[in-house]
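Below, each chain spelled out in residue letters.
Protein chains: 2
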Amino acid sequence: MDIETKTLSVTTGPIAGSRKIYSPAPGHPDIAVPFREVALHASAQEPPLQLYDTSGAYTDPAEPLSLEDGLPKLRNAWLSKRGLRPYASRPVKPEDNGHASAETLVAPCPAAHDVRMGDETALVTQYEFARAGIVTEEMIYAAHRENLGRAAAHEQAQARLADGESFGAALPEFVTPEFVCAEIAAGRAILPANINHPELEPMVIGRNFLVKINANIGNSAVTSDAAAEVEKLVWAIRWGADTVMDLSTGRNIHNIRSWILRNSPVPIGTVPLYQALEKVGGDAAKLDWALYRDTLIEQAEQGVDYFTIHAGVRLAHVPLTARRVTGIVSRGGSIMAQWCLAHHRESFLYEHFDEICDIMRRYDVSFSLGDGLRPGANADANDAAQFAELETLGELTRRAWAKGCQVMVEGPGHVPMHKIKANMEKQLATCGEAPFYTLGPLTTDIAPGYDHITSAIGAAMIGWFGTAMLCYVTPKEHLGLPNREDVKTGVITYKLAAHAANLAKGHPAARLRDDAISRARFEFRWEDQFNLGLDPDTARAFHDETLPKEAHKSAHFCSMCGPKFCSMKISQDIRAEAQRQEGMEAMRAAFTEAGGALYVTAKDKD
Amino acid sequence: MDIETKTLSVTTGPIAGSRKIYSPAPGHPDIAVPFREVALHASAQEPPLQLYDTSGAYTDPAEPLSLEDGLPKLRNAWLSKRGLRPYASRPVKPEDNGHASAETLVAPCPAAHDVRMGDETALVTQYEFARAGIVTEEMIYAAHRENLGRAAAHEQAQARLADGESFGAALPEFVTPEFVCAEIAAGRAILPANINHPELEPMVIGRNFLVKINANIGNSAVTSDAAAEVEKLVWAIRWGADTVMDLSTGRNIHNIRSWILRNSPVPIGTVPLYQALEKVGGDAAKLDWALYRDTLIEQAEQGVDYFTIHAGVRLAHVPLTARRVTGIVSRGGSIMAQWCLAHHRESFLYEHFDEICDIMRRYDVSFSLGDGLRPGANADANDAAQFAELETLGELTRRAWAKGCQVMVEGPGHVPMHKIKANMEKQLATCGEAPFYTLGPLTTDIAPGYDHITSAIGAAMIGWFGTAMLCYVTPKEHLGLPNREDVKTGVITYKLAAHAANLAKGHPAARLRDDAISRARFEFRWEDQFNLGLDPDTARAFHDETLPKEAHKSAHFCSMCGPKFCSMKISQDIRAEAQRQEGMEAMRAAFTEAGGALYVTAKDKD
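One line per chain: the protein sequences are A and B, in this order. Each residue of the first sequence is one higher than the one before, counting from 1 in my numbering. Each residue of the second sequence is one higher than the one before, counting from 607 in my numbering.
FYI, nobody ran anything at the bench for these hints, they're computed from the structure. Among these hints, one or two may not hold up.
Chain B is faced by these chain A residues, among others (derived, beta-carbon under 8 Å) [claimed, not checked]:
hint	residue
1	E46
2	Q50
3	L65
4	V280
5	T326
6	G327
7	T443
8	I446
9	I453
10	A460
11	W464
12	H543
13	T546
14	S571
15	I574
Glycine residues also receive a C-beta, built at the ideal position from the N, C-alpha and C atoms.
Throw the hints in and build the complete structure from the sequences for me.
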């Protein structure tokens, strides 16, 4: 089930128990949005359940795939109508790949894309379109994705399903393209979509939409290679990553990125500072605006959808970190702090922020304003350094909006549970409700090897409070570079945290999947239980560890309790017995006569 | 490092990087409480960090161990002073071991213990002693355990460390035996300690103490055996389980339990109903009071420290579950519901509750009032069935107290985040602040294979809100019987959830460990970072996956970012550079002159 090419192979084929479908957006037969559909056992007498799908063409066996050709350029037709004409792009320079020698140079992806740029007169960014009240094809696409399940939920029992506490988020009953447009115009959502990333399947990030997750990939100077990175991308989106950040350092950054972008259906984010630092041999003091500016253009032309820009780390903030237990723990933050101190100057990112905005607007690269001073330990959470930077990020958010750019804001980090809510409230107030994008946060410092879990606790909570996207943490956090299994574990862990947040916020359709899997569980439809889960393969493998036979897939028990002690089996027997005895309704009447006060009207299961 | 006996072998030896110490309780040189001490690298210039230790003699290489002899009977001297005289115990009956044939019968543990019982005139339970204002040796022991680190925290910066939100919990600055006594007298805490479990290392469970965790072990009719169960006990406490429940079903229950009890330093809980059901061949309708009563006595004489008693599942509650998505999901709850319906009678557990109290008081078996109607799906959370049972549990709590018994109350289950707090509040109000003991709760239904994580989110939150003990969930939940690795994963996951709760509540000493590991992280003391973590072995293995050499244990980077991009390395360089430039203090002055307003007084790291 794998595509093999001369250079790379990636995982393909459907996720177990599901198939890819394409659903046209209402009124737009040409805009077909992919979903994944899980067919249930005939005994369920339920229609298939459709699920949000980030996995791209890789899970569609009907799709011809070639990593050399890249994915279909879905957005080309839309973009060419917008007067964004191709132009001769910046030539690739030896330093873009870290001066890799001929033997060590990774060949670039041969797939060509027209490099486009918007001029001053055209509307370029989704924010500019939204402010002008123009609904783009990307907004239509993203709206249809987000609207999944709402009609079904509404039919079933919408009021009962949506009983969450949203902390001021306003989740609509139905998501229309106009709603997406209005949210982007208000700055409350972004639709990261570089005009040089035509392969993108558009999606939207904001507090009034599904909570999203990001997976980081990227080689480091110590380990990893190109093939592994592209496979990590495909692997991460297979399990549900909504966006992927390529945090590569070392050699071949440019060429590896070309493979990633041409083959990515999800928005790709980067930290341009990492590549800039490579270009100056790792000496932060040698960084300058010209080099950084050139790197922004290089990456924007390749199609990177959002940039982490650490412009909030100002010279004045650095001394605030002096008493911290773990100082500065953001790579970008520490690089900029070092630069500021080395030159005794204000950050060149802060000083050139307006020019950065002008460049990013031309390609519609969204801002992810970096939290370079996020806390790296419980002891440092919510301190003066962190909040001073957040104030600056609020200022920069408004400046970027004024320039027509889309903006989200990054957040911590290591934060104990009782200090999480203040982060969300302060970000909303300071940054004008721009989407918050947090790393975890990790709620304890003491679990190296399990930091996906310590951070999932914080992530679920801050997602509930209003964070729009959660950056995953893998089991290798603090210890080493994640491998393939770690990436999957991180993604699944964050999918469940995001889902927990959607449920708690009262997302009108989120519980459809929980209810479907719970019914499957109660009715011993083991295959349905596996397939409706976030990771059908692992669920099946765990079940089969003790009861491997096919016959056990319809057994009315599992090895946890065995047949005599299965509460669900007994519960079913009780229900059957009650029905035999002329139904629960009659029993209720009998019990009420006997003086029971606690009875409610008991009907058969819905 | 393993003890091998004729029948069983278990894991022994110290946890990596730590050694066992025994600390006498203040003023009680004969009461020596075990802790585990982690020595730090000389460069840290810090004293060793002491940690709470549940692992018993198995991690003490100096301790002679024999599973046939059982653990030392620490409490014998205390108990014999209390006028609790040995008596001739109930003879073992064939049905106690499920009528196992001679070939399949597991031999009982040969270790003898004097079987004791309290009469009507003596004080027997810790609750009775506490109500009489008498501080027991067990209270002194538990107080010294709980007090760990408080003096050190107080010296360092107690006010800064303890900044949590406790939701009405009153964590004392120091824990004295008198405080433990007062909490037990108020019913806010229990000290589960059957007088027939002299091997116990006493501990206390309550909202104003460290949050505890329980691990379930036990064979089922489908799989498992005696050797595996005793090893699971030793393995679970090695990683931090505060109590262990033996949920065995099938044959040989009695004899396997004898091995577990004689070799357990932690309180052991059971659900006597399971064994009772085995005695009637698995037919719930055949259960009766006489048989159940006999089983209570059988297990109380063996030394079980707490019983889950599902007396809250009343006949009147059963119809309330009829419209649920997953019906009744507690084994005990479903068995009792089936019994009630089969006989059209009120639960015999409810009807004989006073007699149950009388039996449990005689041995000081604590109640764990079972939540037989806990929700098994998000859809069923906080419903009428669940809360009707909770009202009954409140009534039973008071009745048990009146009889002199110790009581905790079990809680859910599957509960989305926004419905968790109501559970805690309702339990506190309904059950007079008796300790709450919850299973998770699981915050989504859609992650089979990852339910330790979905439930850790809920567990951390409800622990913060006031739950005293968290029952672990393993990755196998809903799928099968956990194996050794699953038990470890479940325990570590719950240790971190409990720790997150302690931090958020503002436990005055909880952050000592976080701060110690964060300092180790910042100073690249890799060995210290591993050893201070919850699972040194896994942390080390993950690190070594990419950087296995010994030299890398002092490297100022890891494979995640590599040397050039290590923020902590850069942060250290910044600090060194700042100190070179006549210190941060001078820089502050310079910056302030230049008009910076955000500076604070920056001193060298504490």
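Against the structure, the hints come out as follows:
1. E46: Since chain B brings no Cβ nearer than about 13 Å to E46/A, farther than 8 Å, the hint is violated.
2. Q50: violated, 14 Å
3. L65: Cβ of L65/A sits 28 Å from chain B, so the hint is violated.
4. V280: violated, 10 Å
5. T326: holds, 5 Å
6. G327: Nearest chain B Cβ about 3 Å off; hint holds.
7. T443: Holds: closest Cβ of chain B sits about 4 Å from T443/A, inside 8 Å.
8. I446: holds, 5 Å
9. I453: holds, 5 Å
10. A460: Since the shortest Cβ distance to chain B is 5 Å, the answer is holds.
11. W464: Constraint on W464/A satisfied, holds at 5 Å.
12. H543: holds, 5 Å
13. T546: Interface hint status for T546/A: holds (4 Å vs cutoff 8 Å).
14. S571: Hint on S571/A: holds, closest Cβ of chain B at ~3 Å, below 8 Å.
15. I574: Result: holds, 6 Å to nearest chain B Cβ.
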